[in-house]
Structure formats: structure tokens, C-alpha cells
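Novice: The chain contents come next:
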Amino acid sequence: MLPTPKKYFVTAASSEGRSKLTAFDNALLKARIGNVNLLRVSSILPPGCQHDPDLVLPPGSLVPTAYGYIVSDVPGEVISACVGVGINSSDTFGVIMEFSGKCSKEEAEQAITNMVKEAFETRGMELKEIKIASTEHKVEKIGCALAAVPLWY
Amino acid sequence: MLPTPKKYFVTAASSEGRSKLTAFDNALLKARIGNVNLLRVSSILPPGCQHDPDLVLPPGSLVPTAYGYIVSDVPGEVISACVGVGINSSDTFGVIMEFSGKCSKEEAEQAITNMVKEAFETRGMELKEIKIASTEHKVEKIGCALAAVPLWY
Amino acid sequence: MLPTPKKYFVTAASSEGRSKLTAFDNALLKARIGNVNLLRVSSILPPGCQHDPDLVLPPGSLVPTAYGYIVSDVPGEVISACVGVGINSSDTFGVIMEFSGKCSKEEAEQAITNMVKEAFETRGMELKEIKIASTEHKVEKIGCALAAVPLWY
Numbered sequence: 001m002l003p004t005p006k007k008y009f010v011t012a013a014s015s016e017g018r019s020k021l022t023a024f025d026n027a028l029l030k031a032r033i034g035n036v037n038l039l040r041v042s043s044i045l046p047p048g049c050q051h052d053p054d055l056v057l058p059p060g061s062l063v064p065t066a067y068g069y070i071v072s073d074v075p076g077e078v079i080s081a082c083v084g085v086g087i088n089s090s091d092t093f094g095v096i097m098e099f100s101g102k103c104s105k106e107e108a109e110q111a112i113t114n115m116v117k118e119a120f121e122t123r124g125m126e127l128k129e130i131k132i133a134s135t136e137h138k139v140e141k142i143g144c145a146l147a148a149v150p151l152w153y
Numbered sequence: 001m002l003p004t005p006k007k008y009f010v011t012a013a014s015s016e017g018r019s020k021l022t023a024f025d026n027a028l029l030k031a032r033i034g035n036v037n038l039l040r041v042s043s044i045l046p047p048g049c050q051h052d053p054d055l056v057l058p059p060g061s062l063v064p065t066a067y068g069y070i071v072s073d074v075p076g077e078v079i080s081a082c083v084g085v086g087i088n089s090s091d092t093f094g095v096i097m098e099f100s101g102k103c104s105k106e107e108a109e110q111a112i113t114n115m116v117k118e119a120f121e122t123r124g125m126e127l128k129e130i131k132i133a134s135t136e137h138k139v140e141k142i143g144c145a146l147a148a149v150p151l152w153y
Numbered sequence: 001m002l003p004t005p006k007k008y009f010v011t012a013a014s015s016e017g018r019s020k021l022t023a024f025d026n027a028l029l030k031a032r033i034g035n036v037n038l039l040r041v042s043s044i045l046p047p048g049c050q051h052d053p054d055l056v057l058p059p060g061s062l063v064p065t066a067y068g069y070i071v072s073d074v075p076g077e078v079i080s081a082c083v084g085v086g087i088n089s090s091d092t093f094g095v096i097m098e099f100s101g102k103c104s105k106e107e108a109e110q111a112i113t114n115m116v117k118e119a120f121e122t123r124g125m126e127l128k129e130i131k132i133a134s135t136e137h138k139v140e141k142i143g144c145a146l147a148a149v150p151l152w153y
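Chains as they are written, first to last, in the UniProt record's numbering: chain F, 1 to 153; chain G, 1 to 153; chain C, 1 to 153.
Be aware that one or more of the hints could be misleading.
Below 20 Å or equal to it, Euclidean Cα-Cα: the simulated DMTMM-like pairs (lysine to aspartate or glutamate) are [unchecked claim]:
| # | chain 1 | residue 1 | chain 2 | residue 2 |
| --- | --- | --- | --- | --- |
| 1 | G | Lys117 | C | Glu16 |
| 2 | G | Lys6 | G | Glu121 |
| 3 | C | Lys20 | G | Glu121 |
No wet-lab data here; the hints were simulated from the structure.
Computed from a prediction, not measured in an experiment: that's the story for all the values here.
Hey, can you work out the whole structure from these sequences and the hints?
Specialist: The following block contains the structure:
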């Protein structure tokens with residue numbers, strides 16, 4: 001099997017770019033995950049996976065990552081992205097949720113909080129804590145708001 | 001290289017949720033793949049990969065999975081998702097197709113059957129069998145129909 | 001951690017299909033990546049990763065791949081896809097960009113060139129070379145244009 005990740009951090013950033021993909025690329029760079037190969041996952045915090053905000057990811061490595069983002073080319077539009085990691089009160093797995101939309105950062109955080117709570121309720125698990133990262137951006141020309149939970153080893 | 005999967009199963013389920021992402025999450029749970037990290041793949045059944053309907057996936061593990069899904073927030077709308085695994089008459093690889101749409105389960109299954117047949121024709125391979133999983137859902141508030149082929153070890 | 005890829009090639013192809021997914025499947029086959037499981041990545045060329053245009057990928061294997069594609073069912077519409085790999089003048093990592101749209105191959109290549117240049121500028125890196133693969137297709141019934149950078153070992 002593929003090795004199960006053991007560490008994670010949460011991150012969020014916004015950026016402008018000259019194109020939609022480079023706006024995304026620039027937001028990844030600001031979020032400290034621009035020089036790796038993101039493998040998008042949906043979205044469980046593995047049992048025992050430890051929060052490590054100082055993780056340094058080797059350039060070009062394959063990094064399983066839960067993320068949400070939104071790109072807009074409508075000047076003045078407000079966009080936001082948020083991720084939340086729901087930590088279990090017992091020592092088993094957690095749940096990761098991501099959200100992006102044309103809304104404020106506060107609305108994105110509220111949406112994430114509700115989603116994580118629902119995910120824990122559905123699983124009959126007790127929620128100890130939610131780690132959140134969020135970002136809000138007012139588009140100048142072409143902007144991207146991105147939030148991510150990179151999983152690592 | 002990354003290890004090539006050796007086992008698989010087919011699954012499909014529908015669910016409601018309070019948001020689009022939790023509707024998806026709830027459908028994953030009902031399909032028995034809600035507590036793992038799906039890595040979306042497109043979509044070949046590796047040579048020798050065995051059907052194992054009783055597979056139990058460890059929580060948080062990285063699971064290469066071909067899947068299709070549709071989320072709708074239009075009450076009354078009928079949505080369906082279907083996957084099909086085309087098995088080769090000789091002992092080489094097979095082909096996985098996924099489909100989702102605003103249609104009945106029967107239409108989704110027919111679409112999948114046609115797609116698998118076309119994929120085999122194109123490759124000049126003989127089709128022995130198609131394993132199908134499908135689901136249909138009438139949306140109440142926010143619903144998701146999902147079909148998946150998890151690949152495992 | 002997951003093993004970091006060591007080889008790559010660039011490829012692009014277009015095809016018709018009887019459905020949108022089989023048009024995509026047929027384009028993958030013409031691009032020589034139709035019989036593997038693509039794991040979509042975004043999108044860095046790992047340090048030391050070597051160009052190998054003759055790579056043969058084992059059927060069913062998991063292949064980290066940066067790709068862009070567009071599917072259209074509008075007869076007569078011109079669609080294009082392009083990838084570009086920006087190679088660094090020093091021996092560190094490069095950047096991969098992908099693009100697809102309703103435009104000519106030349107426009108797609110120009111977009112990719114601009115995106116790779118921006119990605120290098122942002123990172124303060126010097127661009128030695130861009131390897132490009134692109135394809136243009138005039139849709140008959142249902143067509144797909146696809147460009148990809150498979151990463152391998």
C-alpha cells in the first residue's frame with residue numbers, strides 16, 4: 001500500500017497572477033506549497049497524524065493534500081477559501097473539510113465549522129478541536145484564494 | 001515507482017447532507033469509503049487485480065480510486081452515478097469507466113456499458129464481463145450520488 | 001514518503017469519442033498514457049528529473065501526471081491543449097504548466113510560454129528551456145484535446 005501520512009499542517013493564502021493558473025501557483029507559493037507536486041485527497045486525518053507547522057517539503061515531492069481554492073477574474077469580487085481539520089477527542093482519525101466561495105473569510109470559516117461538526121456527528125465521533133486556516137482576497141485583475149492541509153511523513 | 005494495486009471492489013451510494021461537501025462525505029460513508037483518503041485515478045484495472053468485495057480499508061490510508069459523482073441542491077431532481085469495470089477475456093488489464101448525471105440509474109448503467117464497450121473496442125480487447133455499481137437519488141435538499149472503484153493492496 | 005519521480009516526457013493528442021469520457025480515453029491512448037492510472041499532480045519538475053521520450057509505462061501503474069484537457073460536443077469548435085515544462089538553468093527543480101481552451105494551438109502555446117515565464121520570474125529562477133507539447137482539434141461530434149507531462153521512475 002501507499003504509506004499513510006504522519007504529519008500535517010494547515011495553510012491559506014491569496015494572490016494575484018497574470019493568468020488563472022499562475023494566480024493559483026502564486027497562492028500555492030505564498031502558502032508554502034508551491035514547489036511540490038500536490039496530490040489532491042479527500043479528506044481524512046490519519047490516526048496519529050501530528051500537527052507540525054514547521055514542516056519543510058522537499059521540492060518536487062509528491063504531497064497528499066486536501067485543498068480548496070477559487071479563482072476569479074472579476075475585479076472587486078471578494079473570494080475566500082478555508083480548510084478545517086477536526087481533531088477527535090479519542091486518539092483515532094480526524095476529518096478534513098475544505099471550502100471556497102465568493103464570500104468573506106468569516107462566512108467561509110463558519111461554513112467549515114458547520115461541515116466539520118456535521119462530519120463528526122455523522123460518524124458518532126466527539127470533536128475536540130478544529131484547526132482552521134483561511135484567507136480572503138479582493139480581486140484586482142485575476143486572483144486566487146487557496147486553503148490547504150498538506151499531509152506528510 | 002508507486003506500488004500497483006492488487007485488489008478492488010465496486011461500490012455506489014447516495015446521501016443527503018447539510019452542504020454539498022458533506023452530502024458527498026455522507027455518500028462516501030455509505031459506500032464504505034468515507035474514512036480514507038481517496039486519490040482519484042483515471043482509470044485502468046491493473047493486470048491481475050482481484051475483485052474483493054469484503055475489503056476493509058484502514059482509516060486515513062491513501063486509496064487510489066476511480067469515481068464519479070454528482071451533487072444537486074434542486075429538490076426533486078433525480079441524480080445517478082455509475083461505475084463499470086470491464087474485465088478482459090485474456091489475463092491482462094481491464095478498463096474502468098465512471099458516469100454521473102441528472103438521469104435514472106438505468107440510463108447511467110446503459111451509458112457505462114456503452115463506454116466500457118467502446119474502450120475495449122478501441123483497444124482491440126475482448127470483453128468478458130462488466131462489474132457495475134450504480135445508485136439513483138431523488139434530491140430532498142442537498143443530495144449526492146456517488147459510484148466508485150477503490151483499488152487496494 | 002512517496003517516491004519522487006525521476007523521469008518524464010511530454011505528450012499531447014486529440015481524439016473523437018462516442019461520449020465525453022471515451023473521447024478523453026481515446027486522447028489518452030493516442031498520447032501513449034491510456035492504459036495507466038493517472039494521478040493528477042500540480043506541477044513541479046523534481047530536481048534531477050530526466051527527460052525520457054521513450055518511456056514505456058506498465059499497464060495499470062499509478063503515474064503522477066500533470067495534464068490539461070478540454071472536451072467539447074460542439075461540432076466545428078476548435079479546441080487546444082498544451083503543456084510546458086520550464087527547465088532551470090541551475091540544476092534544481094523546474095515548473096510545469098498546463099493549459100486548455102477554445103483556441104488555436106498557437107494561442108495555447110503562447111499562453112503556456114507566458115505562464116512558465118511568470119512562474120520562473122516569481123520564483124527568481126532563470127529559465128533555460130521550455131519543452132512544449134500541444135494539440136489542436138476541430139470537433140466533429142465529441143472531441144477531446146489533451147496535453148500531459150507524465151512523471152515516472
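Novice: Broken hints, numbered, in rising order?
Specialist: 2
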